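Given chain P, put chain Z in place with the hints provided.
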Amino acid sequence: MNNIIIYIALVLLMLTLLAGLIRFVKGPSIVDRVVAFDSMTVTSLVVIGVIAYLSNRAIYFDVAVVYGLLSFLGVIIVAKYIQRGL
Amino acid sequence: MTYIKIVGEIFLLMGSFSLFVAAIGLLRMPDVYNRVQTGTKASTLGAIMSFVGIGLLAVDHWDESNWIGRVIVLIIFIILTNPVSSHVLMRAAYAMKIPLSDITTVDKLKEDIDNKVLEEPIDE
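The listed protein sequences derive, respectively, from chains P and Z.
Each residue of the first sequence is one higher than the one before, starting from 1 at the first, in the working numbering.
Each residue of the second sequence is one higher than the one before, starting from 1001 at the first, in the working numbering.
In short, the hints are calculated from the structure, not lab data.
Predicted model only: the values in this text are computed from it and were never measured.
In this text, a Cβ means the ideal position worked out from N, Cα and C, and glycines have one as well.
Hints are not guaranteed to be accurate.
Rough simulated footprint, nothing fancy, chain P against chain Z, three-plus residues with beta-carbon under 8 Å [stated by the list, open to error]:
| hint | region |
| --- | --- |
| 1 | 1021-1031 |
| 2 | 1044-1050 |
| 3 | 1057-1066 |
| 4 | 1077-1087 |
| 5 | 1091-1104 |
In silico BS3-like links for lysine-lysine, alpha-carbon gap of 27 Å or less [said to hold, decoys possible]:
| hint | chain 1 | residue 1 | chain 2 | residue 2 |
| --- | --- | --- | --- | --- |
| 6 | P | K26 | Z | K1041 |
| 7 | Z | K1110 | Z | K1097 |
| 8 | P | K80 | Z | K1108 |
| 9 | P | K80 | Z | K1097 |
| 10 | Z | K1110 | Z | K1041 |
| 11 | Z | K1110 | P | K80 |
| 12 | Z | K1097 | P | K26 |
| 13 | Z | K1041 | Z | K1097 |
| 14 | P | K80 | P | K26 |
In isolation and in its complexed conformation, chain P is listed as follows (with noise of 0.2 Å):
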């Protein structure tokens, strides 16, 4: 019973996440994907540092910068394809 705001924060960040997915699925257009992914990469960020801050491990952050960066770069890269080619 501690950290029964946090689990009710998870709750709302699992709901996010299932609502994304459901915008993945669906997306008409390929910019709908790609934007439902970012949407779900920030929240999976935001459970990471949860995560680290349940299990007292200040080295999970850097998973988290680093998952940042990449998705970055991913989404970066899919708008120029879909934009000029590559």
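Frame of chain P; chain Z shown alone:
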């Protein structure tokens, strides 16, 4: 110490709620452009508030490992990268000629293209 933890919990809850509202907008908005808007702006705010909350929650471990430095690096990284990816995605969607929704009334970029005031073409 406990007061700082309570403030951190409130920040984390507000950030998670903002991310959740962004996901609802991602499901309900009528258009690609509206979805890009809500999917990156509101989630930027939610992520920043959540990381501030996590940094305040870990008040007991501030001096043993570099929590605050890592949290600040992540926040600056999100502030720098998220609007850039939103802008590039919106430009790619316009270059793909995805139609705007029926209730959209203003298209400034189309006016600029018609008046030939853009410095570089948008689709090339």
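Hint-by-hint comparison with the structure:
1. With 5 residues carrying a beta carbon less than 8 Å from a beta carbon of chain P, the region 1021-1031 of chain Z meets the three-residue requirement, and the given coverage holds.
2. Taking a C-beta to C-beta cut-off of 8 Å, the region 1044-1050 of chain Z contributes 4 residues in contact with chain P, enough for the three needed, and the coverage statement holds.
3. Counting residues of the region 1057-1066 of chain Z whose CB falls under 8 Å from any CB of chain P gives 5; the rule of at least 3 is met.
4. Only residues whose beta carbon comes within less than 8 Å of a beta carbon in chain P count, and the region 1077-1087 of chain Z has 6; three or more means the coverage holds.
5. Coverage of the region 1091-1104 of chain Z by chain P holds. Counting CB-CB distances below 8 Å, 6 residues qualify, and the rule asks for three or more.
6. Note on K26 (chain P) and K1041 (chain Z): the hinted pairing holds, with a Cα-Cα distance of about 21 Å set against a maximum of 27 Å.
7. A hinted pair counts as satisfied when its Cα atoms are at most 27 Å apart, and K1110 (chain Z) with K1097 (chain Z) qualifies at roughly 11 Å.
8. For the hint pairing K80 (chain P) with K1108 (chain Z), the CA-to-CA distance comes to about 22 Å; that is within 27 Å, so the pair holds.
9. For the proposed pair K80 (chain P) and K1097 (chain Z), the alpha carbon gap of about 15 Å is at most 27 Å, so the pair holds.
10. Under the criterion of a C-alpha separation no larger than 27 Å, the hint pairing K1110 (chain Z) with K1041 (chain Z) is consistent with the structure, at around 23 Å.
11. For a cut-off of 27 Å, the pair hint linking K1110 (chain Z) to K80 (chain P) stands: about 21 Å separates their Cα positions.
12. Between K1097 (chain Z) and K26 (chain P) the CA atoms are separated by roughly 20 Å; this keeps the pair inside 27 Å, and the hint holds.
13. Proposed proximity of K1041 (chain Z) and K1097 (chain Z) is supported: the alpha carbons are some 23 Å apart, at most 27 Å.
14. Taking the CA atoms of K80 (chain P) and K26 (chain P), the gap is about 23 Å. The hint holds against a cut of 27 Å.
In summary, the structure agrees with every hint in the numbered list given earlier.
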